[in-house]
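Residue numbers (my numbering), protein chains in the order written: chain A, 1 to 647; chain B, 1 to 647.
To be clear, the hints were calculated from the coordinates, so they are not data collected in a lab. A few of these clues could be false.
Said to hold, decoys possible - Simulated pairs of lysine-lysine, PhoX-like, Cα-Cα distance not exceeding 25 Å:
#, chain 1, residue 1, chain 2, residue 2
1, B, K606, A, K153
2, A, K535, B, K512
3, B, K181, A, K181
4, A, K272, B, K181
5, A, K273, B, K181
Protein chains: 2
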Amino acid sequence: MKKCKIVFKPEGKKVEVAHGTDLLTAAISAGVYLTSNCGGEGVCGRCKVIVKKGKYAFESNARLSDDEIKKKYVIACLTTVMGDMEVFVPQASKLHFERLKNKDAAKFAKKVLSGKTEEAPEGKAAGSKKNLKLSSLTRKIGINLPQPDLNDKISDADRLLREINKVCGFTPVLEISHIRKLGRLLRSSDWAVIVTIAFADTPEITNIEPGNSSIRNFGFAFDIGTTTISGQLVDLDKGTVLGTRTLYNKQLTFGDDVITRIIFAGEKNGLKKLHAAAAENINTIIEDLTGAFGVSLSDVTVLSVAGNTTMMHLLYKIDPEYIRREPYTPAANFLPTVKAKDLGIEINPRAILVSLPGVSTYVGGDITAGVLSSGFYSEKPVTLIVDIGTNGEIALGNEEWIIAASASAGPAFEGTGVACGMRAATGAIEDVTISPDFEPVLKTIKGAKPRGICGSGYIALLGEMFRSGVMDRSGKIDISRKTKRIRKKDGEAEYVIAFKEESGVEYDIVIKESDIDNLKRSKGAIYSAIMVLLKKVGMDISAISRIYIAGGFGNFIDIDKAVCIGLLPDIPRQKYLFIGNSSLAGAREALLYERSRADAAEIARKMTYMELSLDNMYSDEYVASLFFPHTDIAKFSGSCGKKEGRK
Amino acid sequence: MKKCKIVFKPEGKKVEVAHGTDLLTAAISAGVYLTSNCGGEGVCGRCKVIVKKGKYAFESNARLSDDEIKKKYVIACLTTVMGDMEVFVPQASKLHFERLKNKDAAKFAKKVLSGKTEEAPEGKAAGSKKNLKLSSLTRKIGINLPQPDLNDKISDADRLLREINKVCGFTPVLEISHIRKLGRLLRSSDWAVIVTIAFADTPEITNIEPGNSSIRNFGFAFDIGTTTISGQLVDLDKGTVLGTRTLYNKQLTFGDDVITRIIFAGEKNGLKKLHAAAAENINTIIEDLTGAFGVSLSDVTVLSVAGNTTMMHLLYKIDPEYIRREPYTPAANFLPTVKAKDLGIEINPRAILVSLPGVSTYVGGDITAGVLSSGFYSEKPVTLIVDIGTNGEIALGNEEWIIAASASAGPAFEGTGVACGMRAATGAIEDVTISPDFEPVLKTIKGAKPRGICGSGYIALLGEMFRSGVMDRSGKIDISRKTKRIRKKDGEAEYVIAFKEESGVEYDIVIKESDIDNLKRSKGAIYSAIMVLLKKVGMDISAISRIYIAGGFGNFIDIDKAVCIGLLPDIPRQKYLFIGNSSLAGAREALLYERSRADAAEIARKMTYMELSLDNMYSDEYVASLFFPHTDIAKFSGSCGKKEGRK
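Isolated chain A (complex conformation) (with noise of 0.2 Å):
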């Protein structure tokens, strides 16, 4: 079969492809990550990029604009190569997993060590568990043995047992892998060895190390969301967070959101790409933390993950097909432990993995990882909990009873599925203020040369948009306002948030009417859940005491705007509380404490769920949201007051 050579520029990435493979196919080899919303379906139109050289076929442009036909885009995914190729990939087309390079790293544990990380702080609600006695699902056990002699020759395993259980008071399971090398490693090591101990189910014997002098043991917690991974390093004999990294997804290269993942783990080794994918994000945040702050691999015994349904799926390699199709039954709720080699992880081969056990197809890991780590389910309180990420999550609850839902927000408020979307990151946009001549004035991240628009940027923007009447209610873009940042582009009305010339990119930033369409769906769906959930349990929303709002991004959200755009109800602001990304909180929680491992199994037993897709109530609801803020206006009375900005 003939080959042909690509370059994808301006790396310069290489890549041999046969005769006929698609583009983005050819780009993923290259290790060239593309957005996709679609899956490689052609459906979607992000996968641009332009051909500099080459010989190719392209399917279709419907989904190119005049402009970027005449500069030779073509759609990656329907592009199939006939030929050597050299190809340009745009900024705008690219996702962006960032990686800390070797010499980055002492650089950013010096930043992180100093509190200056980008990422978000630890949820503010998790403080109340400090009360926990520390009791990590790894524990290492350094054991002198008393050598054998023919008054005491019991046997080796014996011996070893016995000692665990003078120290410890209880006797672990040891398997044969363990009992094979024991005898000449107890013998080598001169009857002093390092035990490590599991807690996950019964007490188990993981490793057996040789030494008895300076013990360290440390443990990953991690939140698989849709459209961002996190992973915090933690320090299990001190119960001390090291570092957290937060990556995008790299899954989002076969689809933006679950639905379109779980079709695509039923193509051919799509499975085993999606779980490629994960596991990749995974190894790369621990390879970056344990680089940055001197930790050894070996030294990693444990891995806490929490995710929602269809995440967890994929990452143990589970079939999700039959999430998709009614009755929408996940393979299991409750998953065992396995070891993190098993799932391509590579830390120490006999490190375990372990998720936090979730409620349903649309009630996750992540959502039992919030409401343990949020802490309400042990208090008298009536608390909401939402966290605002593509799957919207939302709770309510208290000591008592428990109810939860998944709203399909889409990937928006996390910078994928809208036109200059992006992480919150280094030269992220995370605040707008508009002027009266429409004019914005940005707040991005680190101060940095613009590069594109966060959620709370997002956020911000619409509720300004709004206020300063660069839109209407309905989402709507007055072109007749008299300013050259409102105009019409390939017969859509757009705002420019920075000229090419103020940002930190080689084209311009904008909020398109097809992006506030996206974030309305958003934040619409997020708030009819809400309302949804309230009135099941025959609530009015002023019997919440609190609402706490959990996400990655969550701790830069300005609540008033918030509740100018409708995505949050309007109630006394000082019922909110951020607390950060609350699934990674959770998920560190058990890693540490024993008592917030039966407290989340307890959760998800004990937490109702509620079927949002199939529900009329809640049909009708998010139509009535799809307005900013809302149908009912009546509901919003203490938010933005509208000016009208000059014509």
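Chain A is already provided as a structure; the job is to place chain B on it using the hints.
Positioned in the frame of chain A, the structure of chain B alone reads:
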């Protein structure tokens, strides 16, 4: 490197080996198994072969008779291959690994079913357990699951576990590999599955198959002896035995006793070879019995194994090195449940293997199994159990206490380590009477032409030789007796039991003085171990209510003759009871009854073990027992009166 072709006659097996290979290794490579008591160390001189043609170097002929040297005999392990060779393997040098051919299978099955098998019948004592409720180690359960709908859409795993709980009243563990295939399996099998649950530790699902029709579930019980390996195919639903099969342990090629094998295990690939030999035996027995009874390998879900501590180390691939080094500690006595396939056993890949726990290096799971199957551990009368094997295992006690020891009897009574020994198979001499003119009257198994002497035959023979005056108290053959059957050969006296013409083999069947020495040490080791155990608990032989004789050949022993030679104590014959292969019976009990599994663990915990090898009292007893019947003849007043034969 130069390759040399070796042909082994009479079978004509061929192999190519490197120039410089020793002939024993070459034989093993060709699948020709020679006896080798020393493990190829050039010590025992058992691996004798005749070189017909070819170039070779032979190190030393110290172990060969003049006649043998003339006939071009060499010791295979001391012979270096220097070119192509043709080698003849005499019958006496062959290890007899009996193997059913496929065409023999039906015949074999018929024999077994009609009770005409050569194997020893079940232990009698085991009959007392008939009141136990069948509760096999693995159980297959047919489950018809209700299909999920919108009102019942718990996860597939929860659904399966819920339905199992309805049927069984408990929830078994379900591991990730099953969860991975569950979604498709349940739907493709129309929600009807057969679940295999193992009850070794916490109940755990070991297999899920589609279908709900006929359920067949089989297990194997195994006794892994130093010299012989016995396996028994058991129908787990009916609790019945289909058939039993015994083979010589292929590890015999690497040495006769446990110490030789432990030393061999320390050599390059030694442990691997020893393990592979045991696994091959097990696979052969499984293949033969399942083939004979039309049982599918995929319906064999569990193996229950009993064996001495060294045999268990070798089977589980555990380095046995420290067993033979002071203070003689095994790696483990309680071994965890493993997947049989991980030990190279070819059945259903999901089948498990469990073993009966041991107590110490010299008191293994075979003794636990013996005590278990004999049942005396829950009864009032003080009982002695004697297992006459290569390790003569002895336990003494009742419902309150048990004390056990193991005597290094050697394999003489199992037919190796003696010139014309064989296992109790067709043609084995199992009983002998010697007439006043010193002519032997033989009884062979199946009345076939004699091929060798089995354990019961040796016991009878020694008794008769002593009674008739063929040998004296010290085991010396009286060459002054006037008969052609007593002669000297290569300077050693021997008694001819069957001349070549009378026998089914191509040589005279004899007992040499060196054989008598071996047998004397064997019987002395067992008798003195019994005496020491009694002394340790301050009891006289008369305090024993019952003596259970265990061992594969136990049913054929003439107690009078065994007492006559000083193998067993001289107490009223009605106190003796044969219980067959009690180790195999114990393994089978553990396979079938939950109560027996719990009892086995309890027996292993409560049994006190006595280390005989370092005990002065034992040394004294042993030396005193190296006579026929004993130094202290008064102890054997009721035994065979010595009659004079004619000179």
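Outcome of the hint check:
no.	hint	verdict
1	B:K606 - A:K153	holds, 16 Å
2	A:K535 - B:K512	violated, 98 Å
3	B:K181 - A:K181	violated, 33 Å
4	A:K272 - B:K181	holds, 14 Å
5	A:K273 - B:K181	holds, 18 Å
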